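Peer 1: One-letter residues, chain by chain:
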Amino acid sequence: MNALQSDLFSALPELWVLSMAMVILLLDLFLKPQQRILIYLASQLTLLGAGVLTVVTHVPTVGYAFNAMFVDDTLSDVIKVMMYIGTSLILVYSRQYLQLRGMFRGEFYALVLFSLAGMMVMASGQHFLTLYIGLELLSLSLYALVALDRDNVRATEAAMKYFVLGALASGMLLYGMSMLYGATGSLHISEVSSRLMNGGDHHAVMVLGLVFVVAGMAFKLGAVPFQMWIPDVYEGAPTVVTLLIGSVTKLAAFAFVIRLLIQGLAVLAVDWQNMLVIMAVLSIAIGNITAIVQTNLKRMLAYSTISHIGFLLFGFMSVSGNGLASAFFYIASYTIMSLAAFGVILLLSRQGFEADTLDDLKGLNQRSPWYAFLMMITMFSMAGIPPTLGFYAKFTVLQAALQAGYLWVVVFAVLMAAIGAYYYLRIVKLMYFDEPQDHSPIVAPFGMKAALSVNALSLLALGLLPQILMSICAYAIVQSL
Amino acid sequence: MMESLQALFGSSWPVVWTLAKIVAIVLPLMIAIAYLTLAERKVIGYMQVRIGPNRVGYFGLLQPLADGIKLLMKEIIVPTASNKGLFLLGPVLAIAPAFAAWAVVPFDATLVLADIDAGLLYILAMTSVAVYGVIIAGWASNSKYAFLGSLRSAAQIVSYEIAMGFALVGVLMSANSLNLGKIVTAQAGGFWHWYWLPLFPLFIVYFISAVAETNRAPFDVAEGESEIVAGFHVEYSGMAFAVFFLAEYANIWLVCMLAALMFLGGWLSPVPFLPDSILWLFLKVGFLVFCFLWFRATFPRYRYDQIMRLGWKVFIPITLVWIIVVGAMMQTPWAYLFH
Amino acid sequence: MIFQDFVFYTLAAILLIAGLRVITARNPVHAALFLVLAFFTAAGIWLLLEAEFLAIALVLVYVGAVMVLFLFVVMMLDINLDRLREGFWSYLPIAAVVGVLMAVEMALVLSGRYFIEAAAPVAKPAGYSNTAELGRVLYTDYLLPFELAAVLLLVAIVAAIALTLRERKDSKFIDPAAQVQVKRNDRVRMVSMPSYTEPEAEQAQQELKP
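Protein chains in written order, with the numbering used here: chain C, 1 to 481; chain P, 1 to 339; chain R, 1 to 210.
None of these hints come from the bench; they were simulated from the model.
Because the structure is a prediction, the values reported are computed rather than measured.
Check each hint, because a few of them may be wrong.
Claimed, not checked - Straight-line Cα separation of at most 30 Å, DSSO-like style, residue types lysine-lysine; simulated pairs: (1) K144(P) to K169(R); (2) K144(P) to K172(R); (3) K32(C) to K169(R); (4) K124(R) to K32(C); (5) K313(P) to K32(C); (6) K74(P) to K42(P).
What the hints assert, rightly or not - Partial selection, computed: residues in chain R whose CB lies under 10 Å from chain P: (7) T24; (8) L33; (9) V36; (10) A55; (11) L77; (12) V122.
Beta carbons are placed, not taken as given, at the ideal position from N, Cα and C, and that holds for glycine.
Taking the hints into account, I'd like the entire structure generated from these sequences.
Peer 2: In structure tokens:
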């Protein structure tokens, strides 16, 4: 194999996803509306193929490609496989929703696959340029997806907000990167890192760059004080897109933080940890407290996302493998929970009706005990109640933060988590103890029902056996860093 | 003689010498433009079984001079509601790039004003700037016909520039250079080695796009006298009006010159027993310019949406496909055919 | 060198003035045209740096295509200038503070005290082709970001079309392909008619004859 071939070989999953996205774009032109199901199947096939390619080409060593701008390590492989599973679930959940709203078009699937490709590049980026372009690929696809329901005024408004604020955040990120480039003379993550180790005499300008980089990342993650866009976008976007933004993209954002802060700027850990801890505390506080007063389910989940991001940041308090593994574990668990929660909203939505207020969940137990049960598991998991996965996730990140010596911060977080439990449990109360407002039957394809059941039950199963997921996360971190 | 002149001007010699060269290019060009107007009327006249201008001078040969004097004498009317500065800037912006582009055109292996590396790009950049004259003139006139004309023209030029640029990409792939002189020398070897053959689709696309770029019939919707009277220059009179026409004809010469250089071997001789000479170049350019006049006499005007369709849905795909074909063929044993 | 300095300062001055006029010009069309001028002079400065490919690409892409479309839009909009200008000056203090802060920051950073100083570029030999070198780097060292940027542009196109294309029912669109495929028999029906004489008329004519 020559150099280019081996480069292409390590980026095989990305190439596959991108090519299939383009095939789907073209295929869409030649299909009649009733044949659109083929697009859906082709998308699922793409994800399956990408999964096979990622697993088959997996090697436990760290391999660099494309002039060391791209890395193929265990961490990226594991994250990518998680992304495929998540995206596949999203597609399963979204099919009926899209069909009922006239959005079942080739562009939706192509854009989802393009955003997936962007996330994959973020997971494998080893160069400021690659990371940034991956991020933009993701963001641009998401802006379009949010606005895809064109006649929906709120979706359009959400897309505008997302676009303007996202562009601002990208600008900050780029500005910070350019500062770091000026201080270190390189855009390669590994070179930046090694230059930082050798000479710390430009500390001031590096911290200046760092501030902007962290601000840009915090925006993409949705941490306070850069959380403004989250509630509006979550609420305004079509629920399927909210599902995408609220679940899989967080995995990409996690990889982005790992690549930039841990692999690139670990030397400056003292500086960015101070920033992260402030953002973490604020996120947990504001997220949990504001969520209490929400009546819109999507908005409530948006604030819950903010608080979850706060917990995630605790995982970065220690640059040890242990702490990072716990952060990885947390974000993986959060993705599963988020998929299940939005899956239930999608399940309850019908033609011309969005089940996105708390009232819509009233008396779910009488309409369908099984889905009420699934939602209960999900809510317990989000609140962090044992024996669900969410409990174990919160436990590990707080443990990591404790080991890093942030005792009072951890105490505060636990307190806030207790407050947060209130609004999660309120949903359980609404489902089990209130009278339903409408009694229409829940109609969904079998595949969706099955997938949702597996998704929610896995929260319970993984909560009982957390070692499975934890060992995968720890293995990925240990092998890659 | 050169030495004594050089001594006379001293250190300012390079500037003076360059200026002299510029004059040596622009003056014949101006004459060529003037006589193209006569040629157009004569050629179309004969094609329509008329005689064409034959009163001013023998065979009408002094007609361009008479036209020039007439236009110089005419008053330039600036409409009251127009934006005066921009109104007068429009013609200038139209003609400046049309002349500036000639800086990199090689007439012979050594006869070139500026032998720059990115000559092809430079010409593309200059021709793309030419659209400003039209846009500004149309807008500054504050007249709806002029504005409609300028919008049509701008959309058309921007659209066809893409196809034109892609056609040139094929040339630069074959020649491995953006330097016009090198592109010509890469075609050495006679008629069958010129790029019109391996890049035939690109040649056709380029030439038709060139007609569209210069707003000539059958793509002259920007003027469209039956629809929007005279398009973007409806409010212009006298010399300001003439400058637009000078620019249009200068552009015709330019695009034909480029087609001759890039696809028809420039100054190279088509057969081995005759020497390469600048005369070949003039012959080729002359033939292409004749085709421009021929088109005008033969084809009815395209409808606007048809023009757009042709540009976007026919030409751009053709050029893209052929670029891929050329690129793929270059990886095969038949690569020599494309170099 | 003196001549180059002179050219640089002239271009820089024009660039600054043009940039300033972009935001202060009353008429949006004028502002757009000043932006064109700014691009042009920036291209000139790049030429001074011997970056001829970038300079020409700037003119070709931004001046030749982007700004044309921009002008297109600006000319068609009926912008109420007075409303647009409302509160323009009230933002001045904040803008001035931010601007000065940025300028100071840039001055500090670019003074070279903090940044790694790259070695002064070596003068290139006469036959050096900036364009070829750029192409080589783009397609080797920077292949991945370059191709990803291409994908990014594709996504932008897809997004723009997906968000704006509406198939109108009432548009009077003619499909040229269908037009071309029309056969004579689709439009014209040849009817065989027997030739026929008008005996009465002939008779009448004969009667008229003396």
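Peer 1: It remains to establish, for every hint, whether it holds in the given structure.
Peer 2: Here's how the hints hold up against the structure:
1. At roughly 29 Å between alpha-carbon atoms, K144(P) and K169(R) fall within 30 Å of each other, so this suggested pair holds.
2. At most 30 Å may separate the alpha-carbon atoms for a hinted pair to count; K144(P) and K172(R) meet this at roughly 24 Å.
3. The suggested pairing of K32(C) with K169(R) holds, with an alpha-carbon distance near 18 Å, which does not exceed 30 Å.
4. Taking the CA atoms of K124(R) and K32(C), the gap is about 59 Å. The hint is violated against a cut of 30 Å.
5. Note on K313(P) and K32(C): the hinted pairing holds, with a Cα-Cα distance of about 22 Å set against a maximum of 30 Å.
6. Taking the CA atoms of K74(P) and K42(P), the gap is about 25 Å. The hint holds against a cut of 30 Å.
7. At a threshold of 10 Å, the smallest CB-CB gap from T24(R) to chain P is about 16 Å, leaving the interface hint violated.
8. Because the smallest distance between the Cβ of L33(R) and any Cβ of chain P comes to about 7 Å, under 10 Å, the interface hint for this residue holds.
9. With a least beta-carbon distance of about 7 Å to chain P, the hint placing V36(R) at the interface is held under the 10 Å criterion.
10. The criterion of a C-beta within 10 Å of any C-beta in chain P is met by A55(R), whose closest approach is roughly 9 Å, and the hint holds.
11. The beta carbon of L77(R) is not positioned within 10 Å of any beta carbon in chain P (closest approach about 12 Å), and the interface hint is therefore violated.
12. Given the 10 Å rule on beta carbons, the hint for V122(R) is violated: about 18 Å separates it from the nearest Cβ of chain P.
Of the numbered hints given earlier, the model fails hints 4, 7, 11, 12; all others are met.
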